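Just so you know, the sequences run in chain order A and B. Per the working numbering: the first sequence ends with 590, consecutive numbering throughout. Per the working numbering: the second sequence ends with 280, consecutive numbering throughout.
In case anyone wonders, no lab produced these hints; they're calculated from the structure. One should not assume that every hint holds.
To be verified - List of simulated lysine to aspartate or glutamate pairs, EDC-like, C-alpha gap at most 20 Å:
| id | chain 1 | residue 1 | chain 2 | residue 2 |
| --- | --- | --- | --- | --- |
| 1 | A | Lys389 | A | Asp429 |
| 2 | A | Lys589 | A | Glu521 |
| 3 | A | Lys170 | A | Glu260 |
| 4 | A | Lys204 | A | Glu523 |
| 5 | A | Lys589 | A | Glu523 |
| 6 | A | Lys529 | B | Glu148 |
| 7 | A | Lys88 | A | Glu21 |
| 8 | A | Lys529 | B | Asp152 |
| 9 | A | Lys529 | B | Asp154 |
| 10 | A | Lys426 | A | Glu521 |
| 11 | A | Lys544 | B | Glu134 |
| 12 | A | Lys529 | B | Glu151 |
| 13 | A | Lys154 | A | Asp264 |
| 14 | A | Lys88 | A | Glu31 |
| 15 | B | Lys199 | B | Glu104 |
| 16 | B | Lys199 | B | Glu211 |
| 17 | A | Lys8 | A | Asp290 |
| 18 | A | Lys529 | B | Asp224 |
| 19 | A | Lys544 | B | Asp69 |
| 20 | A | Lys426 | A | Asp380 |
| 21 | B | Lys280 | B | Asp152 |
Claimed, not checked - Sample of chain A residues lacking proximity to chain B, with all beta carbon distances greater than 10 Å (derived):
| id | residue |
| --- | --- |
| 22 | Ala169 |
| 23 | Pro239 |
| 24 | Gln268 |
| 25 | Arg361 |
| 26 | Leu368 |
| 27 | Arg440 |
| 28 | Met482 |
| 29 | Ala489 |
The model shown is predicted, which means the values in this text are computed figures rather than measured ones. Built from N, CA and C at the ideal position, the CB exists for glycine as well.
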Amino acid sequence: MTTPSMLKGARERWVRTGGVELCVAELGDPEQPTVVLVHGYPDSKEVWSEVAARLADRCGFHVVLYDVRGHGRSTAPQPLRGGFTLAKLTDDFLAVVDTVSPNHPVHVVGHDWGSVQSWEFVTVGRTEGRIASFTSMSGPSLDHFGHWINARMKRPTPRRVGQLLGQGAKSWYVYLLHTPALPELAWRGPLGKRWPKILQRVEKVPGDGYPTASLPSDAAHGAWLYRDNVRARLRRPRPDAYAHAPVQLITPQGDAFLSERLYDDLDQWVPRLTRRTLPAKHWIPRTRPDQLAAWIEEFVTAVEGGRPEPAATGRHAERFGGQLVLVTGAGSGIGRATAFAFAEAGARVVAVDRDAEAATRTAELSRLIGAPEAWAETADVSDEQAMEKLAEKVHRAYGVLDVLVNNAGIGLSGSFFTTTTDDWRKVLDVNLWGVIHGCRLFGARMAERGQGGHIVNIASAAAYQPSRALPAYSTSKAAVLMLSECLRAELASQDIGVTAICPGLVNTNITSTARFTGVDETEERRRQKHSARLYSLRNYPPEKVAGAILDAVTHNRAVVPVTPEARGAHLLSRFMPGVLRGIARVNPKL
Amino acid sequence: MTTAVSSELSTELQGFRRVQRLAYECAEAVAARLEPGVTEREAARMQREWLRERGVRDWFHLPFAWFGDRTAFVDFRIPLQFFPTDRALEPGMPFILDMAPVYEGYTADIGYSGSLGVNPVQDRLMADLEAHRELILREVRERRPLREIYEDVDRLMVRQGYANRHRAYPFGVIAHKVDRVKQRRWSPHLFGFGTQSLKGLAADALHGHREGWSPLWSPYRFSDHPPQPGLWAVEPHLGFRGTGAKFEEILVLTDSRDPEQSAFWLDDDLPHVRRWAEEK
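One chain only, chain A, in its complex shape (with noise of 0.2 Å):
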């Protein structure tokens, strides 16, 4: 027996079925709850390699892994046709959970063909009682799909529509696939040969040593998965296709092959449904181990503690669920209003602060809305030592980020010719360097680990709305937008977002804090309450700046202007910038 290198550490064993041998591998602890990962097309179990690791190690299950009939290691149904239906990997299926886990029932996690035969598996009268959970992705069930198609072309409204022919211009492998004996050619030669190469150009898959030799014959058995059922199926979809275990779904959304608006009307079949997605291409379980093992841990250990399932309340709480999200100057204002949207999207949320006192409050009050986890730092951004140390401390106890926002900043006003050396030095300090650290920082590690993430800094109107009264501040955030425009170009060949947000005048405490130049104390003082008042008048929440935030961390945008007033000018900035230029001029009374 050979352990398959991919697979470290994997005990093997064969099951007979069907007139099928199946090689199924186990990583892991059999006395905890199994989890059985199902591969898809054209796959085989290493797929998994990733994913299985992480969750046999550092989430402690027990992780079953096999080929489908046809595929890897296991031998093929003969003769082809005909063997490849979902009943008969239905039965390969239990007959594989009968030997792994004979008494309890199992956890399926299904990627692409796997998840379409673990629909199968879990919408059948026959496997109720062997599946604790089932967590898909990329695949839906073919029945689900049946009425799916029906639905729409039985009231074709012009949305609907698009939706089918949307649908059926990524399904085009689909009818290739049905054509007799030209696929097996294809992967039998030349296509089975660059596979790889293109997986990695298009998908963005790590060239690890996947997919492995056995390729050729897996896709070209595996075209029988289409043959033997899509036809069959799509035209008489079962009408009781109703799920009778907790489902969690996750949709990446860059999928070439599956529109995210298939599973639109999957609540009336999924009594208990959790939905996941994740700005990523088809193949996850490859280029998203980290986050897939995570959500399977969430998963698993709620339904196992009888728990209700994940359900964060709050917007985009699909996307941002158990992910790790970073806040500076998260004690006061914007910072502190993205913090607690973040947690009420249920992500894990590190609140750095200056003030410690005010960190730990937005921790506290995290955890109360929503976040599983909650996190108070203290660090000056502007502090060099203070942020390394804190991004090596984040790194080794809380994880890699997901999402880093540098939001920390201060503000400074008045003429250049007033603007001392040092006002200048204390501006940069904390609005650019303090951007600048976390970006490098956080974000080396984020582009290292390879699995995606997303930045954002607060930049400002300011960026492109010059005035004559904030010279220093305005340069600072200049900085911090062209910054986040040349490293968001930089990242995005590794899938990390960068946004630039210019919020406008936003009702916070960066007016009562500001520095005013060329007054004396009692001047400054006025002038400080005075405009704390105008912004008060304004009174633009932050909340809505940290809701602009998770949009734009959510559609990947790069530049955001968040206030009408920030949006207007950043119109004319482009169009009419002379206006601004006139605007610029003018003195504001304080």
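Assemble chain B onto chain A, guided by the hints.
Relative to the frame of chain A, chain B by itself:
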């Protein structure tokens, strides 16, 4: 002479204390009867009927009830939205009951926050309201201008991480004066407010306008004056992501030189105060 004045004062205060207690009893009784499916309208009617049965004939304002995110006045644009709706109570939902009965000519205005079952967020808000009660009393005793006290309360709220929701009240008031009202056989109300009380408030406003003070304690310039003797119904209202909490009770202000006597809460034996004491 002094004894006569103080005894007269204390009988006055006894009257206000009686009606305030009655109102809080009503709130607790109604809160105990709330269950899933009860609507805001029903809760408001329960309060009204409970108080009518006990002799209340006039109102400073009719009882309000807010459920769910309406406790934090989410998306409130016009004052009509304060009135009770058909929103039904669900398990875990926060609620606020707010009523201002007039009893034997004495007015009370109270606010009672609670939740159906456990609501950790509202519990936290209520616990954090204690600091506001202390802050208001301390600064009033220091004779700080009302507008500044308002701003300090605001700052404390922001530091705690909450939003100021009393800003949504008419004129953004954190407090308003209440007084005795004449008992009439017929006591109509206008937009939920008793006409007798409105008349009193209007008279105060006129008076105050001449003397440079206002019966409304707001963030605006007309509140930029030291505390004015009288009875003030103080109602700091915190909001946090769709959950609100408030208390409302009467603060007595006198022109005494002694700080202790210059301002004090009418009654310290109220549900929220007892609750804070128990938590310690």
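Evaluated hints:
no., hint, verdict
1, A/Lys389 - A/Asp429, "holds, 17 Å"
2, A/Lys589 - A/Glu521, "holds, 17 Å"
3, A/Lys170 - A/Glu260, "holds, 11 Å"
4, A/Lys204 - A/Glu523, "violated, 58 Å"
5, A/Lys589 - A/Glu523, "holds, 13 Å"
6, A/Lys529 - B/Glu148, "holds, 12 Å"
7, A/Lys88 - A/Glu21, "holds, 13 Å"
8, A/Lys529 - B/Asp152, "holds, 13 Å"
9, A/Lys529 - B/Asp154, "holds, 14 Å"
10, A/Lys426 - A/Glu521, "holds, 18 Å"
11, A/Lys544 - B/Glu134, "violated, 31 Å"
12, A/Lys529 - B/Glu151, "holds, 11 Å"
13, A/Lys154 - A/Asp264, "holds, 17 Å"
14, A/Lys88 - A/Glu31, "violated, 28 Å"
15, B/Lys199 - B/Glu104, "holds, 17 Å"
16, B/Lys199 - B/Glu211, "holds, 18 Å"
17, A/Lys8 - A/Asp290, "holds, 17 Å"
18, A/Lys529 - B/Asp224, "holds, 15 Å"
19, A/Lys544 - B/Asp69, "holds, 17 Å"
20, A/Lys426 - A/Asp380, "holds, 12 Å"
21, B/Lys280 - B/Asp152, "violated, 25 Å"
22, Ala169, "holds, 40 Å"
23, Pro239, "holds, 33 Å"
24, Gln268, "holds, 23 Å"
25, Arg361, "violated, 6 Å"
26, Leu368, "violated, 5 Å"
27, Arg440, "holds, 30 Å"
28, Met482, "holds, 32 Å"
29, Ala489, "holds, 36 Å"
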